[in-house]
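Each protein sequence line maps, in turn, to chains A and B. For the record, in the first sequence the residue sitting at position 68 is 68 according to our numbering, with numbers rising by one throughout. Just add 1000 to wherever you are in the second sequence, counting from 1, and you've got our numbering.
To be clear, the hints were calculated from the coordinates, so they are not data collected in a lab. Mixed in with the good hints, there may be bad ones.
Unchecked claim - Straight-line distance between alpha carbons at most 20 Å, and here's what the computed SDA-like set of lysine to any residue pairs gives:
#1 A:K96 / B:G1061
#2 A:K57 / A:L74
#3 A:K91 / B:Q1038
#4 B:K1014 / B:T1082
#5 A:K57 / A:Q79
#6 A:K81 / A:A39
#7 B:K1020 / B:K1064
#8 A:K96 / B:H1085
#9 B:K1041 / A:T11
#10 B:K1020 / B:H1085
#11 A:K96 / B:F1028
#12 B:K1041 / A:K76
#13 A:K91 / A:S65
#14 A:K91 / B:T1057
#15 A:K96 / B:Q1060
#16 A:K96 / B:L1074
#17 A:K91 / B:E1059
#18 B:K1041 / A:I107
#19 B:K1041 / A:T101
#20 A:K91 / B:M1045
#21 A:K76 / A:A16
#22 A:K91 / A:A39
#23 A:K76 / A:Q19
Predicted model, so just to flag it, every value in this text is computed and none were measured.
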Amino acid sequence: GQNIDQPTEMTATEGAIVQINCTYQTSGFNGLFWYQQHAGEAPTFLSYNVLDGLEEKGRFSSFLSRSKGYSYLLLKELQMKDSASYLCAVKYGNEKLTFGTGTRLTIIP
Amino acid sequence: GAVVSQHPSWVICKSGTSVKIECRSLDFQATTMFWYRQFPKQSLMLMATSNEGSKATYEQGVEKDKFLINHASLTLSTLTVTSAHPEDSSFYICSAGRYEQFFGPGTRLTVL
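With the rest of the complex left out, here is chain A (with noise of 0.2 Å):
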């Protein structure tokens, strides 16, 4: 199987920061996703990393290492809108993609 892991619910606190880790079965790797999803919507991209290393896109950055089969989504200055589920999702081979399980994130004033 393809396993994507990630923890199942956080809380965070208003302005500070969250990582949520995600790792995935390295073979067949061919690219990793993070997508936000609220409650009844349909998720929404948040970043892509194929190699190793972070990327960073304003308040949400994405960590990668492929040797290791572990991602991170870093969340900086929370705020409650970010209050969602987030998704890993890993492109194995062609253009599919699996997805984790998501982490329910819960952000409190």
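Dock chain B against chain A, hints included.
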């Protein structure tokens, strides 16, 4: 960014009827589209890969005769849920894109 639309956004139907969901890529051509299903508080589960001009590729455990997929043009794929039952009630989402996958807004199906 690229836009993918879905229609309808929600549908309620009686058990035993069929429901068709459309997925359109609005500003790019998509030889491949993907159909996902998402149950409450769960992640997206890939159902099938829709291939323009050829048969869809279904994931293990997904009944191809129940979930009919037609990808007749480079901008349109349709998913028909045949003889729908209450357990088919779910959020159905399509996506398309060569590298980054763009998701449609989803269709919430409720089968009574």
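Quick check: which numbered hints come out false for this structure?
8, 12, 22
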